[in-house]
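Colleague: Join these two chains into a complex; the hints should help.
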Amino acid sequence: MRLTQRVNYILLPVILLVFTLAAILIYREIAQDSRQQLQGQIQREMNVVQQEVDLELRSLRAELSHILNSADFINFINAGSTLFQVYAFEPSTYALLATSRLNNPGIEELQILAPTGEAVLASSSGDPFGAPSRPGLPATVLEDYLRQVAAEQELVVREIVYQDLAGVTRFAVLQPVSPRLLVKDSQQSGSDIHVAVLVARLGAFDGLRERLQQQLGGEHELGFSLALDSAGSASADQFQATVTAGDLVFKQVHRLYSLELKVPEALLWSRLQGARLNLLLMVSALTVFSFLALRLLIQRQILRPVNELVQRVRESHHENIQLQRIDSNDEVSELNNAYVNLLQDIHHLASFDHLTGLANRRSFQLILARQLHSARNQSAQSALLFIDLDNFKRVNDQYGHATGDRLLQKFSDQLQESIRPEDVVASMGENVLARLAGDEFALLLNDTDGASGARIVAERILGMFDQGFEVDGVCHNINASIGIALAPEDGNHAQTLLRNADAAMYEAKANGKNRYQFFNRDIASVMSRRQKIEKVLDRALDSEHLHLVYMPIFETASLRPTGVEVLLRCPALAEQGIGPDEFIPVAESTGQIKRIDLWVLEEALLHLRCLRDEHGYQGFFAINISAVELHNEAFPQQVSELIARYGIDPALLELEITETSLVSDDADSIETLQALKALGLRLALDDFGTGYTAFNQLASYPVDTLKIDRSFVNAISDSSQQKRPMVDIILTLAELYDLHVIAEGVETAAELAYLQHSGCQQLQGYFLSMPLSWNALQQLVLEEQALLTEQREKGEHLKLVVD
Amino acid sequence: MSPRRFPRSALTPRLLSACACLLLLVATQLRAETVELYTWHSYWGEEVLGQFEVESGHQLRRSYFDDESVRDAVITSGRYQGFDIVVMDALTLQIVSEHGLFADLSSLNDDIGADNFDPRWRQACGVHGVPYTYGALGMLYRKSVAAEPLRSWRQLFVPPPEHRGRVVMFMDNIDTSAAALLAGGAPPYSEDVAELRQAYGLMRQQQRHLLARNYGLSYASEHGLASQMSLTFGYSSDELELRELTGQEDWTFLIPEEGTLLWADCLAVPSGSPASAATRDFLAFISRPAVAARNAEAIGYATANRSALPLIDESTRGDEQVFLSESILREVPVVPRLTVPAVRLRNRMVHAVVVDAQAGVVAP
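Going line by line, the protein sequences match chains A and B.
Sequential numbering from 1 applies to the first sequence in the numbering used here.
Sequential numbering from 1001 applies to the second sequence in the numbering used here.
Looking at chain B on its own, in the form it has when it is part of the complex (with noise of 0.2 Å):
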């Protein structure tokens, strides 16, 4: 499960229930197409939606995962065959469409204006998908705590005085591994088994002073006020969403000076059927410049839409934590393909620091 796009609908009931409101409005009073939407959470602007429903007729119904083996499961069983569009990171993405699971969009890139997007981002969706958002990882710590600002990933899982006992940290494969391997001076996707070897030294080091094994989000949304947590682990999205759950206004987001890994969010079209009018015409309406600004806005990640962006308003804009500065888009890649036995090591890695970690087995 990644964490990624951690479920926003808790945050803004109102608003949602002002979205079904409007669906229902509009289901009754166009019987147009529908479009099936397989999305996180809070991931669209829903006056982004409400206009493409107004202005081409069809109608968007969504349906949410929250985890991304829920989604995956649903892709293997052939279940998303029933989706319309499906919201895929781009690496599953990749690995799914070389067993043809979904539809080729190359037909759709005057559509949708593909010259548009980041080249970056293009090539991570590849054929199959239509680059949505990005973002990058870092750590998330409280100014008011800390002694010193924090610089390193180092101090993740070697942390100052200050923090220990009050980290909050999330055991993903990938994610925590690449931060492991980042602390250690590694690349973060690197299959050096000694440097694999000294990120699982860290990780194992790390749980002594973990105050939960969780993510910093969830962490924060179970305990509210009354958190204890001063580090995390997390997205450039999250610090807001600290602040508002804690109620404290000192945290911030970084990217350690090592570095960091950046995600990419695709629209994909499951290749079972040939994508219908209105499943383009959603595809071609998202990926407006205008249309992807506002959304970007609505939804605070940065979007692929290269196009886009002097749209956006400035506030928006000059956040360096969303919206990445082109030096560190260009020396962080963006997720590569790993080899099965690396991943498979990284799996194991993981499971074995949480294993340990409950039986209470204690790093040297």
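One chain only, chain A, in its complex shape (with noise of 0.2 Å):
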């Protein structure tokens, strides 16, 4: 998954997890102040109807006290004469109730109660010609308090507060009068105590009831419930909030009466509509809000310099490194960094040899190829010296690995020395000295003055081996050779100034070592001479314009041929004058040898099983292989293979090794020639002579066969040759070691008679026959079958006229 796709995934559920989370934390504070605040608000709207209700109480209280305390009523009260006081007192007291009740609308009653209980004065609206009716208080409140009144027990002020069926919510008072005493002297006597009953509808009930019910919300039914409780003033003027079932709960209680009010749950929770769609509304907004602000800031801040990190790192090759190092302190900084540390180390490794910290071929034609660009910009010379160790190999083969990588080691050290700035003639620039492969080096001389001052240097080089080259202790005896190209003179560009020192390079070691030789008009020659060598015989190669000749081998005594030599002509080159002795060593260097072997071999192996197969033929094919197959391990397989495929008898097959391809203590040849010779055919040394294989090491070989190079046939002939012919001297040793001798290159009848009578077993050479097309081949065979049937007719018949 990208990051950005992650980013994505993990922050939309992490903000929405928070918001939520925070929303519902919200929304209990929410429905905690909701709760409090609908509580301090059902408080004080109870509170202001106590207040209300306290107020109704003391007008009420004074309005009676006013009409009991009035000279109307005291006149009415103390009238002597009923009459009189029908006449001249009632019209106005009544008056007086009348304004007292336009004053309190609420009242209802209003009546004086003789102690018999009979009204003397009832102020109630209605029919005024039944008899009074008594006041409409609850049970037998009014009846007990008479009754109390009447025994003398009861003179102080009654106060109640009650409702009706209807929920009338009343207050009543009932309060001793005396006709001569002051209401208050509660020592008056009962006789003549007339009792006032005032009942009083009380308003503010109805409008709390109103006022919660409209703010609250009118379609949730508010539970109201009012008590008398006479008994409850020690827990008068209290609040209490609590929750039942969900519901809350208010109870107020008064010294008069206690009032409850109950406010459903439903109402609480629909309350919280509004908040509740808010903080949905608020979750979702800031979710989007902030998921796309933080998306947007981690993708500034961290997704795009990761980003912009990883395009520089694709962009990025080591030629062209777009990391920069940045001086930050954040972590993709440091990743950058750390990436950037990383690709130089990747570099380095790359760029250098790690034995002696040397830039490697591939660095080196990199910085060749940049110096001579700049060198070409400004005009200016360079020298190119191509350094090959001599007898190396010698060291790494007798003195092991250890010894041989310390000395290209040390090796590596003195030529850095040598070439130090203050005493170079070049002006030493950046990696300039490197070591190509195993001991070859490679230095460029930037801005020399030409051909001498890369002389200098080139003769430094040789004279370090003038004693030896000492490495812990030892001296090697080993030599430089060193090709040496100048640029512009032998070329412009890396690759083409390279080869050309090498060429140089080869072209010393061919001059006999231990030298070094500028690029010249001839090795370009030879350069371009090998050049089209190659191409040519890439093309036959491909188009298989290549075919084999047939050089017959001869029985010495019978002069009979007994087998063939395979050699290969290329006809495009032979138009040119070039022979296999040139073109294959071109090839051996190319590596198109192998195809070259592997093409003669089967070519040579399908004309041996045709002559076979179509003529009977019973010869030997002796073809020659490079000394390349030596270290070819699956050339043995791959002539196995050919072998089987043609079926043809191993023993007819004699493979040529030239003497001078190998090499003494040789392990790896040595098991190659082992493995072929396992295959069942011969081996042969060929060209044997020209190489200085020591005489003992001939037993080493697996060799069935030596072939006397053409040099030793010739030098038989030669008159000036006094001392005994070398042919001798192999025929002597083949002899020891019961070696089979064909001598090559017979090309006068005095060789031949030498041969003969030397006791070389088989001949060839131009003597006794050129070498033949595949046609004449055939030929050849099918007359010399033929001569072998009459020979073998004549023979019986000699042998029956014998017989």
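These aren't lab readings, by the way, just hints derived from the structure by calculation.
The reader is advised that the hints may include incorrect statements.
Some chain B residues judged to face chain A by a derived CB distance under 7 Å, without partners named [what the hints assert, rightly or not]:
#1 I1095
#2 H1351
#3 V1355
#4 A1357
From the derived model, a few chain B residues whose C-beta atoms are all more than 10 Å from chain A [as the list claims (entries may be wrong)]:
#5 E1047
#6 P1161
#7 E1162
#8 G1165
#9 E1191
#10 R1243
#11 G1247
#12 P1256
#13 G1300
#14 V1332
From a predicted model like this one, the values you see are computed outputs, not experimental measurements.
Note that CB positions come from ideal geometry on N, CA and C, so glycine has one too.
Modeller: See below:
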């Protein structure tokens, strides 16, 4: 998953979770607040209503007191005569009551009761004709009070708040009234105590219910109950809020009543509807906003730097590294810098030889190209020295690779010293010294003054080996061969210059090693010729424009052909006078030889089978293989497959290897030879005598045949040679090691005669036969078969004759 | 509270201040006896009183009540003993005298010339009072408003359309119920419950047409020229006052065809101590036909002194609303005494009507 996607998947749930949790907490707070607010509101309302009730009660008490203390009432109650009372004072007292009722519209009943309970004054609305009705007080309140007054038990004011069945709340005051004494005197005697009864409707509760219903929302019914609580004076004026089954219950205890208000849970829930909606919107909006903002920030501050880093890394390759160190403290910078370090390390590993610390071939080529480019621009001269250590392999073989490595390191150190800027004719640029491979080094001298500067350096390098080269106290006999190519004369491009210096180095080696060689026209032409050969060979291999010719090999005594040596011909090269002697080494150096060898082998096997199958040929084929194959592990297997494919008796095959290609104690080569021999075929050392094979070493080579080099055969007829011919020595040697011998290059009758005389088993050469084409070979085989048949018949005939 | 003697002090401030100066003058000149008079406002001819003081050398000092219940409270509290003469309505005087609160004035019959008084008023005042004035209850209305002259009490309770909402009615236990009884064709002092129930119905019915629940003169006094009143309930002497107060000259008083009721005021002497000489002198002085005639002319009320009538000037004497015709006087009973339950029922009727009206309860 991309980081961007992952950020989305992680960010959104996390933000949503955080905001949801926050919203839940806020909602709980809001719910709590709302509940408290509601509680406060209801408490205020209930307090207000209590104050209102108290005010109403006070007003009603005051009204009653006003009436009872008014002159009119006092006159009325004190009027001696009933007639006088009703005539003189009752009207004004009624007027007083009417005014009171006007002042307090809640008053419903206002009666003065005689001790007997008879109404002396009764201010009631409605029909005046009937007897005044008893005030509508609950149960037996009035009767009890009258009884107690009559019994002089209760002379205190009695107040009650009550509710009738219709839910109307009323306030009633029962008060003893004396015609003579002050109403508050509790010592008054009960005999003529009147009782004033005031009943008023309390509007405050209705108002409370309406207000709360309005404020709290009409669809939820508020539980509203009022209880008489005459005994509750101890807990008067208390406010309680409790939660019962989710409903909020408020209770207010007054001296005269207790009021209970129930707010249903559904109302609390519906009050928070808006808050819930708002929170939902808020969470959604904040989540979207935060998500976008955070994503933008992460995109800008984290992902973009990372992506930019990725982009730079992608665009970077060793030539063009886009990455640069960033002087910053953040992780992306650290990652960047770590990556830069890693790249530099890798670059170093890829560009430098770990053994010597010098540039490797790859980086040297790059440097060379760069230097040459800048030199071209500045029209400066450069010299490339291609250094190869002579005989280094011998050190490796004799003292081990560790010694060889140390030798290379030491040489590398000395080489660097030898070109110190202060005493070098050329100024030292960056890493102009490189180890190209094994024992090959390259040195680029910049701004050198042509050949002379290069020559001085080359001589100094050669000078290192004048007294041998000492490593670990052992002085090794090694030298250096140096090829020198100059830029721009010998080439302007890295590949060209390097190839030319290499060619010059080979020339130096060819000229005897331990020397330097400037690239020149001759080398150039040789190289050009080699390149031409390479191209032609390539084409010839591709189009099979190669063919084989066959050099018959004769038995010395009978001079009858017993086999042929298969020779390769390339007509395209032959036209230009280039023979195998010249193109085979080129093919060996280019690697084409492996294809050539296999092609020759297969073609030869094909022809051999053809001769065998069609003509009953029983001779052998000798086939040259390159020394390169001695180091080709796959070769024995390839030969084996071909033999099997063509169904050839391996005993009829002889593989020829030049003696010079064999190096003493070359375990690889011997192993390959043994593997080939194990296939059942024979091995021959070609051009024997030109190499330096010690005689005792012949025993260790699994060869069957020595082929005496033509130079020794030709020497037989050289009259100037007074010494015993070399041929004799070789033949003696072969006899000693029980080896078969074939002499090559027999060109004169004298040579033939000598060889016949000296006991060489087989011969070949122009004197006996020129190389034959395929058709000629077939002809020869036919003739030979015919001859053989004839002789056999003759022989039988003689035999018959003799018999 | 009876409005029968509406205080007129506000109407005649100059006259009052002149009297005060005169009294002060007399008091300082003669250190004679003082007669304490407890009375309605503007109920005496100032010149008449001045003459008394000059003649007798006594000093007259007046204390006023403007509400009968206040006077009655003063009486029941006993403080009335501080007064020498109290103006009492005949009915109250009869009731309180049964308890011996006022002195028997039989001994003064010769001094006051008891025979000069109409026996009707002498009977009303009894032995405890010297008859002073009398009057009748009726309706007052504006002729220019009325589509046709009013005749019946019924029109007070169920007014003709032009008067609806312009009626000012005083709610008195006896007088209002009497008018309602008369309107219903019943005797004004009926104790018949059915008749009273009918009267109660009329009273309730009337409430919706009221401009104010007040005494007409009080209303006029409050609103003056802005008065909207066109029909009210009052006494014969109110006609002039209404004209003065409202500036509406078309006010007229009538005694409806169903009849009316009469009131009589008496002068009574508290029973605590024997009547002083000055008191006796004053009662004798005021009962002289010539003095009574001049006093009646001054105050605009009919005098109970039969012998004074010929001495009163024709313009006053000819006002039949003040000096009621003999036929009316013959037909209409002087305020009789009602039983306690009858009064109590009337009190409760009036109270119920007022309370319901206050509460906005509309009669059917």
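Colleague: Would you mind marking each hint as holding or not holding in the structure?
Modeller: Against the structure, the hints come out as follows:
| no. | hint | in the structure |
| --- | --- | --- |
| 1 | I1095 | holds (5 Å) |
| 2 | H1351 | holds (4 Å) |
| 3 | V1355 | holds (5 Å) |
| 4 | A1357 | violated (9 Å) |
| 5 | E1047 | holds (33 Å) |
| 6 | P1161 | holds (29 Å) |
| 7 | E1162 | holds (30 Å) |
| 8 | G1165 | holds (21 Å) |
| 9 | E1191 | holds (13 Å) |
| 10 | R1243 | holds (29 Å) |
| 11 | G1247 | holds (31 Å) |
| 12 | P1256 | holds (24 Å) |
| 13 | G1300 | holds (27 Å) |
| 14 | V1332 | holds (20 Å) |
Consistency with the previously given hints fails for number 4 only.
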